[in-house]
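Peer 1: The residues making up each chain are set out below.
Protein chains: 2
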Amino acid sequence: MNTQTIKPYVIGLDLGGTNSVFGIVDANGEIKATTAIKTLGFDSAEAYVAAAVTAMQPIIEEVGGIDTIKAMGIGAPNGNYYRGTIEYAPNLPWAHNGIVPLADMFSEALGIPVALTNDANAAAIGEMTYGVARGMKNFIMITLGTGVGSGIVIDGKLVYGSDGFAGELGHVIMRTENGRSCGCGRSGCLEAYCSATGVARTARELLATTDRPSLLREMNADDITSLDVSIAAGKGDELALEIYKFTGNLLGEACANFAAFSSPEAFVFFGGLTKAGDLIMDPIREGFKKHVLPLYRDKAQFLVSGLDGSSAAVLGASAVGWEIQK
Amino acid sequence: MNTQTIKPYVIGLDLGGTNSVFGIVDANGEIKATTAIKTLGFDSAEAYVAAAVTAMQPIIEEVGGIDTIKAMGIGAPNGNYYRGTIEYAPNLPWAHNGIVPLADMFSEALGIPVALTNDANAAAIGEMTYGVARGMKNFIMITLGTGVGSGIVIDGKLVYGSDGFAGELGHVIMRTENGRSCGCGRSGCLEAYCSATGVARTARELLATTDRPSLLREMNADDITSLDVSIAAGKGDELALEIYKFTGNLLGEACANFAAFSSPEAFVFFGGLTKAGDLIMDPIREGFKKHVLPLYRDKAQFLVSGLDGSSAAVLGASAVGWEIQK
Numbered sequence: 000m001n002t003q004t005i006k007p008y009v010i011g012l013d014l015g016g017t018n019s020v021f022g023i024v025d026a027n028g029e030i031k032a033t034t035a036i037k038t039l040g041f042d043s044a045e046a047y048v049a050a051a052v053t054a055m056q057p058i059i060e061e062v063g064g065i066d067t068i069k070a071m072g073i074g075a076p077n078g079n080y081y082r083g084t085i086e087y088a089p090n091l092p093w094a095h096n097g098i099v100p101l102a103d104m105f106s107e108a109l110g111i112p113v114a115l116t117n118d119a120n121a122a123a124i125g126e127m128t129y130g131v132a133r134g135m136k137n138f139i140m141i142t143l144g145t146g147v148g149s150g151i152v153i154d155g156k157l158v159y160g161s162d163g164f165a166g167e168l169g170h171v172i173m174r175t176e177n178g179r180s181c182g183c184g185r186s187g188c189l190e191a192y193c194s195a196t197g198v199a200r201t202a203r204e205l206l207a208t209t210d211r212p213s214l215l216r217e218m219n220a221d222d223i224t225s226l227d228v229s230i231a232a233g234k235g236d237e238l239a240l241e242i243y244k245f246t247g248n249l250l251g252e253a254c255a256n257f258a259a260f261s262s263p264e265a266f267v268f269f270g271g272l273t274k275a276g277d278l279i280m281d282p283i284r285e286g287f288k289k290h291v292l293p294l295y296r297d298k299a300q301f302l303v304s305g306l307d308g309s310s311a312a313v314l315g316a317s318a319v320g321w322e323i324q325k
Numbered sequence: 000m001n002t003q004t005i006k007p008y009v010i011g012l013d014l015g016g017t018n019s020v021f022g023i024v025d026a027n028g029e030i031k032a033t034t035a036i037k038t039l040g041f042d043s044a045e046a047y048v049a050a051a052v053t054a055m056q057p058i059i060e061e062v063g064g065i066d067t068i069k070a071m072g073i074g075a076p077n078g079n080y081y082r083g084t085i086e087y088a089p090n091l092p093w094a095h096n097g098i099v100p101l102a103d104m105f106s107e108a109l110g111i112p113v114a115l116t117n118d119a120n121a122a123a124i125g126e127m128t129y130g131v132a133r134g135m136k137n138f139i140m141i142t143l144g145t146g147v148g149s150g151i152v153i154d155g156k157l158v159y160g161s162d163g164f165a166g167e168l169g170h171v172i173m174r175t176e177n178g179r180s181c182g183c184g185r186s187g188c189l190e191a192y193c194s195a196t197g198v199a200r201t202a203r204e205l206l207a208t209t210d211r212p213s214l215l216r217e218m219n220a221d222d223i224t225s226l227d228v229s230i231a232a233g234k235g236d237e238l239a240l241e242i243y244k245f246t247g248n249l250l251g252e253a254c255a256n257f258a259a260f261s262s263p264e265a266f267v268f269f270g271g272l273t274k275a276g277d278l279i280m281d282p283i284r285e286g287f288k289k290h291v292l293p294l295y296r297d298k299a300q301f302l303v304s305g306l307d308g309s310s311a312a313v314l315g316a317s318a319v320g321w322e323i324q325k
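Chains A and B supply the protein sequences, listed in that same order. Yeah, the first sequence ends on 325 if you go by numbering that gives the first Met the number 0, and it's all consecutive. Yeah, the second sequence ends on 325 if you go by numbering that gives the first Met the number 0, and it's all consecutive.
Looking at chain A on its own, in the form it has when it is part of the complex (with noise of 0.2 angstroms):
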């Protein structure tokens, strides 16, 4: 008798700085099950895999046990997906000093295909899985967090490039002048100005070097997060708007060279600073229609990510997953 069991699950696994969150995802996004763990205080990955094993183990029985999940998907800083591999990640100590071979090692501790890519690529495999970007074959998603990571789709698949690390392109050179230092070593980088911490970079530059009244001032500047801003902004504040307008002309201006690279039908935007909505997008709008070729102006759309930010690097994850070829 020749019997096929069903497996209609998938498990994703948002690994994050901070915390791991796994979902057990069905076809339709929909997340049946979901827990977590704590991604660092772990002495090596062998521990860090066992933890989550054992984490897992209740929703996996949850859903039907390990017969109904076809995949596991990852979504994880550094990762690598020709190898599988998440590589020298600086934010994680059982990782930022070598390759951890992670998908390997769940697949072995699991007994299904594991698939791993790095997590802006895996929100953008779930932004064109369930999200705007459903039924686009060119778009580019950019993350906007703590980095500003992105994930580029051309023809309908992602772009890894020749090693698997394409697509870093919150460090592009956007300022070869005087521009800010960069976690990356190197000055001047997209992700120095428009991530979080960029942000709040922006405020404390604007406060010291303008009187300009602001709800800001009555706080320490150096305790600013891109989150007071956004406050600010919510209440009408002028300056903090200025800071938003600064921060989305800067991304539209990066799109607008983006676009001379891969000519997409859409840029899907994603993270907290999205939260703005127009008091971010009209500006990031104006800054790729002031600087782009003509040849491509009012040919792309500027989105904001469909997908619930909680549940949306999980579902990202999960993608990847639904993606193996077994």
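Derived by calculation from the structure, the hints in this document are not laboratory data. Cβ atoms here follow ideal geometry from the backbone N, Cα and C, with glycine treated the same way. There may be inaccurate statements among the hints.
Derived CB-CB ranges, DEER-like [stated by the list, open to error]:
id	chain 1	residue 1	chain 2	residue 2	range
1	A	Glu-204	B	Arg-179	27 to 35 angstroms
2	B	Ile-323	A	Thr-67	28 to 36 angstroms
3	B	Lys-37	A	Asn-177	47 to 55 angstroms
Computed cross-link-like contacts, BS3-like style, restricted to lysine-lysine with a CA-CA straight-line distance of at most 27 angstroms [said to hold, decoys possible]:
id	chain 1	residue 1	chain 2	residue 2
4	A	Lys-136	B	Lys-234
5	B	Lys-136	A	Lys-136
6	B	Lys-244	B	Lys-298
7	A	Lys-156	B	Lys-136
8	B	Lys-69	B	Lys-31
9	B	Lys-234	B	Lys-298
Add chain B to chain A, keeping to what the hints say.
Peer 2: Chain B alone, transformed into the frame defined by chain A:
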């Protein structure tokens, strides 16, 4: 009786701003017969196609008639692969003001399939088919001529983007402050510095802003061309070498940003400037090394086109013809 005619050849058309060169090419990249007409001097696209077909008759007969020819490929400025059109080409009087369906027109006139792409894309396909990029899946072709063009290959396929116009890397903005004006109407584009006219302009700027001795001072500054710079550099002229250093460094800096997009295994350069060999290639490598994200360091090769300049464009165009799936 079911005989299938053997079709060992394709026609390649290098449609340039001055001359249109036709070559009949076999699968090994050998040009069996060639002819040419002037590109300009026609009132309409119809008149151009009619003259082209007339000019091609003798070489088509020479190789055994139209039944020996599988397809035709065209490389043309402002060519759109998806539509087989030339669109608003500023330097072609019979195509500068609209959309010319040139592929369909040639297909109808000759009775064979015809594909068309822009000239730099054709060069990239030619390099992948016959040149130094054989076997490569991820590389970026950069053509240094009157303008700076590019053809981007990812995963073995040319990048056309959502509209067929992807890959205009000559118009990535390299200098946001006090950038040189560019023919596209904006400022600071790579092309404004690294095209043949850009190199001549660098020469004039260096002559005007310094009093360094140079063979170039013997000329009227307005008459200096990139060829004069090349000749002076060949004689060891220090100022001319400085011009190559400036130009190469900027190209390398641009490539560092391109690496963050598609992480190619090679950058392949084509055009007059590459005749300077290491005088230009070494500064390109230096500029790249200085500006690239450490993740991509030492991964990409910097190569000069392996195709003979006079036939490369025809071979590239013919390779577009071979790609037609019929």
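Peer 1: Would you mind marking each hint as holding or not holding in the structure?
Peer 2: Verification of the supplied hints:
1. A:Glu-204 with B:Arg-179: 27 to 35 angstroms: Cβ of A:Glu-204 to Cβ of B:Arg-179: about 28 angstroms, so the range 27 to 35 angstroms holds.
2. B:Ile-323 with A:Thr-67: 28 to 36 angstroms: The hinted range 28 to 36 angstroms is violated for B:Ile-323 and A:Thr-67, with Cβ atoms some 46 angstroms apart.
3. B:Lys-37 with A:Asn-177: 47 to 55 angstroms: holds, 50 angstroms
4. A:Lys-136 with B:Lys-234: violated, 51 angstroms
5. B:Lys-136 with A:Lys-136: holds, 20 angstroms
6. B:Lys-244 with B:Lys-298: holds, 22 angstroms
7. A:Lys-156 with B:Lys-136: holds, 14 angstroms
8. B:Lys-69 with B:Lys-31: Cα-Cα ~14 angstroms, so holds.
9. B:Lys-234 with B:Lys-298: violated, 33 angstroms
Checked against the numbered hints given earlier, the structure breaks hints 2, 4, 9 and satisfies all the rest.
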